[in-house]
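Number of protein chains: 2
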Amino acid sequence: AEKVLRFPGEVGVTMWEMGKEDPRRVIHSIKVGLALTLASLLCLLESLSQGIGQNAIWAVMTVVVVLEFTAGATLCKGLNRGVGTLLAGLFALFVEYLTADRPMPRAVVMGWTVFVIGAAATYMRFIPIIKKNYDYGVMIFILTFSLILVSNYRIDNTTKMARDRFYTIAIGCGICLFLSLLVFPTWSGDDLHKSTIAKLEGLAQSVEACVGEYFGDDQMKEIQDELSKDSIDQNCIKVLDSKYTDETMALYASWEPRYRGNCYKSPWQQYVKFGVALRRFGYTIMALHGCLHTEIKTPPSVRALFKDQCTNLAGEDLNTSLQSQPQILSDSMNRKDSRI
Amino acid sequence: AEKVLRFPGEVGVTMWEMGKEDPRRVIHSIKVGLALTLASLLCLLESLSQGIGQNAIWAVMTVVVVLEFTAGATLCKGLNRGVGTLLAGLFALFVEYLTADRPMPRAVVMGWTVFVIGAAATYMRFIPIIKKNYDYGVMIFILTFSLILVSNYRIDNTTKMARDRFYTIAIGCGICLFLSLLVFPTWSGDDLHKSTIAKLEGLAQSVEACVGEYFGDDQMKEIQDELSKDSIDQNCIKVLDSKYTDETMALYASWEPRYRGNCYKSPWQQYVKFGVALRRFGYTIMALHGCLHTEIKTPPSVRALFKDQCTNLAGEDLNTSLQSQPQILSDSMNRKDSRI
Chain A
471 AEKVLRFPGE VGVTMWEMGK EDPRRVIHSI KVGLALTLAS LLCLLESLSQ GIGQNAIWAV
531 MTVVVVLEFT AGATLCKGLN RGVGTLLAGL FALFVEYLTA DRPMPRAVVM GWTVFVIGAA
591 ATYMRFIPII KKNYDYGVMI FILTFSLILV SNYRIDNTTK MARDRFYTIA IGCGICLFLS
651 LLVFPTWSGD DLHKSTIAKL EGLAQSVEAC VGEYFGDDQM KEIQDELSKD SIDQNCIKVL
711 DSKYTDETMA LYASWEPRYR GNCYKSPWQQ YVKFGVALRR FGYTIMALHG CLHTEIKTPP
771 SVRALFKDQC TNLAGEDLNT SLQSQPQILS DSMNRKDSRI
Chain B
471 AEKVLRFPGE VGVTMWEMGK EDPRRVIHSI KVGLALTLAS LLCLLESLSQ GIGQNAIWAV
531 MTVVVVLEFT AGATLCKGLN RGVGTLLAGL FALFVEYLTA DRPMPRAVVM GWTVFVIGAA
591 ATYMRFIPII KKNYDYGVMI FILTFSLILV SNYRIDNTTK MARDRFYTIA IGCGICLFLS
651 LLVFPTWSGD DLHKSTIAKL EGLAQSVEAC VGEYFGDDQM KEIQDELSKD SIDQNCIKVL
711 DSKYTDETMA LYASWEPRYR GNCYKSPWQQ YVKFGVALRR FGYTIMALHG CLHTEIKTPP
771 SVRALFKDQC TNLAGEDLNT SLQSQPQILS DSMNRKDSRI
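Those sequence lines, one after another, are chains A and B.
So the number in this note's numbering is just where the residue sits in the first sequence, counting from 1, plus 470.
So the number in this note's numbering is just where the residue sits in the second sequence, counting from 1, plus 470.
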């Protein structure tokens, strides 16, 4: 019984901490609520004036599906949705035009068209480049195309329906883009930049801690205490497992329309390459750390010979240069990008 | 001009090779086409008999959105969609009941309800456990809830509309589940098993090749020629980068209703843990391989001392036991699982 009573409290605490950890989550939730309300009220207005009518629910649907956490993701989905709908509408009109004067029963034509187009478009979704960038657009294409053909069978005024639906989806996309690009925007690119910095720092600390542990240095004892064995591993594993999130963030970031002050388009693909290099470095640290726990050890007298160099390298040169990197990171990446 | 002419040919070749590489892709495409046609024809029948009417398009929509490549993914999405729709319907009726006799204008009530529920549900999507398993369901909940409330404002017969929509979505889910579970099903679990085996074999070959390169063994020369430096790295990196795909496959596999002959539920989480262990092993091999290219090398006379042991270990014991693993892999995992 106590557990049941405690449950809501625990959920509340989790919720609160989640919000404290990243306040942008709260902002995003409020934005979604706002967008939904706007779209719903728009539906009401439209239905009162009998303008767009039944199609107005598509605005609500677009808002729910398109509005994502980061601006890049929203833009990617919104454009995919818009273009997919437009193409599907045009294609449906084209099919309509081709089959208008044939003597075949319309149900047969419709069945075959839906089958062929559905299968072909689904197969196209397996092409890597389409899967990566336009998967959602192709899905919307299939969806809209079938829906228009099906509705079309009953309603004769296809052109008007296609136009109305396109308008409402455009309104929905407009609300989403406005809220995600202009009202407290969350940029994928910033997240990517921050996570790259965090990874650099984590690796720098790990190297320092490793060297400290190896030479049993007193100076390093403090850092070592902070960073126990587990946290060295944790830092590395976080870096090593970051491939998927990095690539997703870079993909969305590449949709974001942000030209920085210096007129370069931010080189997100460089961040991905840099991430690959960091992961390589991470493997080495993992191996280095594994070596600390082998049974065969170099005697302390021998260690003393190269102690200073190593400590300097790890503690000052490497660590400092890694930690000063963030400030110059994006600049140097820009320079690299413009040179290529 | 030549490039333009060659383009369709290249696309055709890519398409063909994609199909040859994994014929299940072709099957999946045909299945989607079939499901779409079924759902569309159902819409026609229904609209002719004036039964479900306008809501019938929801069956088409469900098919497009729910039918995924593997059975587990389809089941996961289908159940999420079904439950999300049901809950949203019930909730909408509840809100309706609460606000029925209030003197406030309905537009205000609706606006606030949509805002609060939308924001709260979106915030819930950030909770890790919900994000992992039920993200899609919560999205559908928000969508259906707003749509019902909005439509409701115009149509008074909410109950009938909610019921019709639920029926059509159930029909759509039914078609999808039938096609994905019973007609040439593609199981996530099988893919996970196969990818685990491929990773084991890749690592075994890498270890063997590394040892062969180190000792410059003639016996090993053949394997070494096959596996150049790059391919050792490739094997390892494939293993190291497999975290995300593994976890996705295990997640979907855990939705798949397959109890093997021995009555155990297949222990997909064990595969994930095993994948973590394999990645750890992969780091070591990367480090080992890096060591081969250092400048400081053990003289051949010293190497000869431990050559036999190492070669035996890598070539026979390790490799053989790793390669015989696949056959006993799932059994031993089952045993481990039942022991826990």
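By construction, these hints were calculated from the structure, which means they are not laboratory data.
On a predicted model such as this, the values are computed, not experimentally measured, just so you know.
Ideal Cβ positions, reconstructed from N, Cα and C, are used throughout, including at glycine.
There may be inaccurate statements among the hints.
[What the hints assert, rightly or not] Listing some non-contacts, in silico: residues in chain B with all C-beta distances to chain A over 10 Å:
#1 V502
#2 E566
#3 A577
#4 G644
#5 P655
#6 K664
#7 E671
#8 L710
#9 R749
[Stated by the list, open to error] Lysine to aspartate or glutamate pairs mimicking EDC-like chemistry, simulated, CA-CA at most 16 Å apart:
#10 A:K708 to B:D711
#11 A:K743 to A:E717
#12 A:K713 to B:E717
[What the hints assert, rightly or not] Which stretches of chain B does chain A cover? Using the computed rule of at least three CB atoms under 8 Å from a CB of chain A, they are:
#13 529-538
#14 551-561
#15 591-601
#16 606-618
#17 711-722
For this structure, which hints from the list above don't hold up?
1, 3, 8, 9, 14
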